[in-house]
Amino acid sequence: MTAEMYWLPIIFMALMGVAILAYAILDGYDLGVGILLPLNNESQRDTMIASIGPFWDANETWLVLAVGLLLIAFPSAHSAVLYHLYIPAVIMLIGLIMRGVAFDFRAKVAADYKYAWDCTFKAGSLITTLAQGYMLGLYVMGFRTDLEAQLFTLLSCFGVTAAYSLIGSAWLIMKTEGELQKRAIRWARTALKITFVGIIAVCIVNPIVNQGVFDKWFVYPRVMFVLLIPIVTLNLFVFLYFLLNRLPRVNDSYSWVPFVGVTGIFILSFIGLGFSFYPYIVPWNVTIWEAASAPESLKFILVGALIVVPTILMYTIFAYRIFRGKATELKYY
Amino acid sequence: MLDTLMLSRIQFATNISFHILFPSITIAMCWILFYFKCRYDFSKNPVWMRAYRFWVKIFALTFALGVVSGITMSFQFGTNWPGFMERVGNIAGPLLGYEVLTAFFLEATFLGIMLFGIRRVPSRIHTLATLLVAIGTTLSAFWIIALNSWMQTPAGFEMREGVAFPLDWWAIIFNPSFPYRLMHVLLASGLTAGFLVAGISAYRILKGDKKRAPYIALKTAVFMVAILAPLQAFVGDLHGLNTFEHQPQKVAAMEGVWETEKGAPLLLFAIPDEEERKNHFEIAIPNLASLILTHKIDGEIVGLNDFVGEHPPVKPVFFGFRIMVGLGLLMILISWSAVYLFLRRKELPKSLYKVLVAMSFSGWVATLAGWYVTEIGRQPYLVSGVLKTAEAVTTVPPSNVVFSLALYAIVYSFLLWAYIHTIFLMARRSVDVEEFETADPSMTPIPDTMFEGAGSNEGMIAGGVKI
Chain Y
75 MTAEMYWLPI
85 IFMALMGVAI
95 LAYAILDGYD
105 LGVGILLPLN
115 NESQRDTMIA
125 SIGPFWDANE
135 TWLVLAVGLL
145 LIAFPSAHSA
155 VLYHLYIPAV
165 IMLIGLIMRG
175 VAFDFRAKVA
185 ADYKYAWDCT
195 FKAGSLITTL
205 AQGYMLGLYV
215 MGFRTDLEAQ
225 LFTLLSCFGV
235 TAAYSLIGSA
245 WLIMKTEGEL
255 QKRAIRWART
265 ALKITFVGII
275 AVCIVNPIVN
285 QGVFDKWFVY
295 PRVMFVLLIP
305 IVTLNLFVFL
315 YFLLNRLPRV
325 NDSYSWVPFV
335 GVTGIFILSF
345 IGLGFSFYPY
355 IVPWNVTIWE
365 AASAPESLKF
375 ILVGALIVVP
385 TILMYTIFAY
395 RIFRGKATEL
405 KYY
Chain A
152 MLDTLMLSRI
162 QFATNISFHI
172 LFPSITIAMC
182 WILFYFKCRY
192 DFSKNPVWMR
202 AYRFWVKIFA
212 LTFALGVVSG
222 ITMSFQFGTN
232 WPGFMERVGN
242 IAGPLLGYEV
252 LTAFFLEATF
262 LGIMLFGIRR
272 VPSRIHTLAT
282 LLVAIGTTLS
292 AFWIIALNSW
302 MQTPAGFEMR
312 EGVAFPLDWW
322 AIIFNPSFPY
332 RLMHVLLASG
342 LTAGFLVAGI
352 SAYRILKGDK
362 KRAPYIALKT
372 AVFMVAILAP
382 LQAFVGDLHG
392 LNTFEHQPQK
402 VAAMEGVWET
412 EKGAPLLLFA
422 IPDEEERKNH
432 FEIAIPNLAS
442 LILTHKIDGE
452 IVGLNDFVGE
462 HPPVKPVFFG
472 FRIMVGLGLL
482 MILISWSAVY
492 LFLRRKELPK
502 SLYKVLVAMS
512 FSGWVATLAG
522 WYVTEIGRQP
532 YLVSGVLKTA
542 EAVTTVPPSN
552 VVFSLALYAI
562 VYSFLLWAYI
572 HTIFLMARRS
582 VDVEEFETAD
592 PSMTPIPDTM
602 FEGAGSNEGM
612 IAGGVKI
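Chains Y and A, in that order, give the protein sequences.
Terminal number for the first sequence in our numbering: 407, no gaps in between.
Terminal number for the second sequence in our numbering: 618, no gaps in between.
Honestly, the hints are just simulated from the structure, not real lab data.
We put the beta carbon where it would ideally sit given N, CA and C, even for glycine.
A hint or two may mislead.
Label pairs and their computed distance ranges (CB to CB) [what the hints assert, rightly or not]:
{"id": "1", "chain 1": "A", "residue 1": "558", "chain 2": "Y", "residue 2": "395", "range": "35 to 41 Å"}
{"id": "2", "chain 1": "A", "residue 1": "509", "chain 2": "Y", "residue 2": "79", "range": "56 to 62 Å"}
{"id": "3", "chain 1": "Y", "residue 1": "228", "chain 2": "A", "residue 2": "550", "range": "19 to 25 Å"}
Next up, chain Y with everything else stripped away, as it sits in the complex:
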């Protein structure tokens, strides 16, 4: 194997990892906001949707990039994975369609339809999240479909829903004020506990059902380093638990901290999960080197990616800066 044939798949796996992680964090918070949408309070719904309005579209683009990179860099893995995830992927797409269009229709129709579109938005967000949780669970279980695996995917569905609700409520704590912010803090407290239980469960189940994962983690002296991941994560949970109990503070101080903390938890969990399966792209079946595209194709797209991705990051930051501060009523008309 030549050096480029060794390194190119690794680089693309890293890029794909960044895209998936960016998606989980960014669309995670706006899906979470969708899940939390209170059906009994219209003005809070308006504010919540306003808080994600300028961003959701670009957030979803990270999913297209992640799937795109899988397609570009590891085409055979792309078909293998989507072969197993056919039905949940379709359901996720329907969910994404529902929430994407509901977002736009709700603002443009007469008041009597608005409630129905809000329900569609909430349902679409929940369906998308559950489908993603299901897919994650199936992936971790190596696409097994026995009872044990089914139970685990169920757990994964709830775990991802809790995690998205957590990051969604953390977003709302940062972007809103007053009653809604207090409500978001209560949501965050609940979601934090459920997410914690979910992550612990995955940490226990994953190495038990996957011998490969166990061997990966519990090898001396590696175990001494990699255990840092769960330890830091645990500390973040404890820190957020105490912080959330003390919010809101006067002058709204620390309202941005939960979002940063939860982002940290997302990053660490993702690294832990990625580490468990590296270098397999289809668990225990296909490695990144076996699935990789031709080097000449990878190099062609890499050149572009190295130029374009920093540009994307720059204007994404620019957009977030423009819409910084508390969410105000959405007005484009």
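Given chain Y, work out where chain A should sit, using these hints.
Chain A alone, transformed into the frame defined by chain Y:
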């Protein structure tokens, strides 16, 4: 009984037909919005802002439908056509990748500023955001048409053990049919968006809207399509000649030519019969097809019988082509009549407004008909001469595809209804809105001077002004 192949083809056709409706509007509409915004920036005449605000709402809705159906598209290759990526992924992957990297993020990010940033950034930055979204949508068309054209007329690659490897990216992107198809698609978008703007504006005027905004939007759109429609006929002809050179079997199906003949007639109407391999009820103009395609009165057109087993199903290609061309000619006729009246400074008759309303979505029909001609015309190949459609299909059970297809069909039909319904609803509601009733500052972009510290308010529009 339908098998996975047929079901997957129907599903892909359903998805892509639904998807293309929305980009075919947004690509050009964003340029129209950019034009409105520039006119406002230069003239400070609020009527342009008013036109912008009405159409940006419809743009946002259309864009959202394009995004969600586009995400669905990005999964279709993996879920239903694994053979496509396994065999030609080395070519298709990077082209799709560049579309995501250069176009999707650009348009999605600046769309937020374009829609919601009007009070948060200086007017010039807002105009720039509109321009960047327009560039993004056009770039997106560039890459996806590059891939589609490569599938029609592949170039710049070699096959090794059944897998395509790239040799020359320039040749891959600028493959023989690419420039023609790209121009054809961009102009089609101009016509689709133009007739939508003209039709909905005409609808508002018919409903008693006396304001300036629908009138100037109508005028802009009518002038635009009056220029683009004949240009499209010209580019379409070039595209046809290019197809004749590279995909003669497609042209044979479009023209309904069974036997190779010299001096082939142009069929205005016929019913092609693939069983008997002949046409029924022909109405023809002698020698014209040869003249158009070869520029010689007795030029030779190779017939379908020379491509047995390798040519597309004839009926859809034959009729699709006639629907597209017929609508194109109708577009020229209508837009020129309207422009003639505008130039003579005459009042447009009510009947012409009604015709424009009826033509609101004519661009959709023509675009779909055109795509069916070129895509069905590529069959039985997925990539001409390289990969047959049947070789690329998934092995998932048909029942799974039935499930997904049914879901998509239900959701899409509902959304299509909701979309059209909502556009007309928005048009009706805008009729009763007073012109510039708002001193509401949120309706007006912030003048640039405020950001330069001049503190001047002259860019602001006073309330109640009627122009």
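> What hints, given by number in increasing order, does this structure fail?
Replying inline: none
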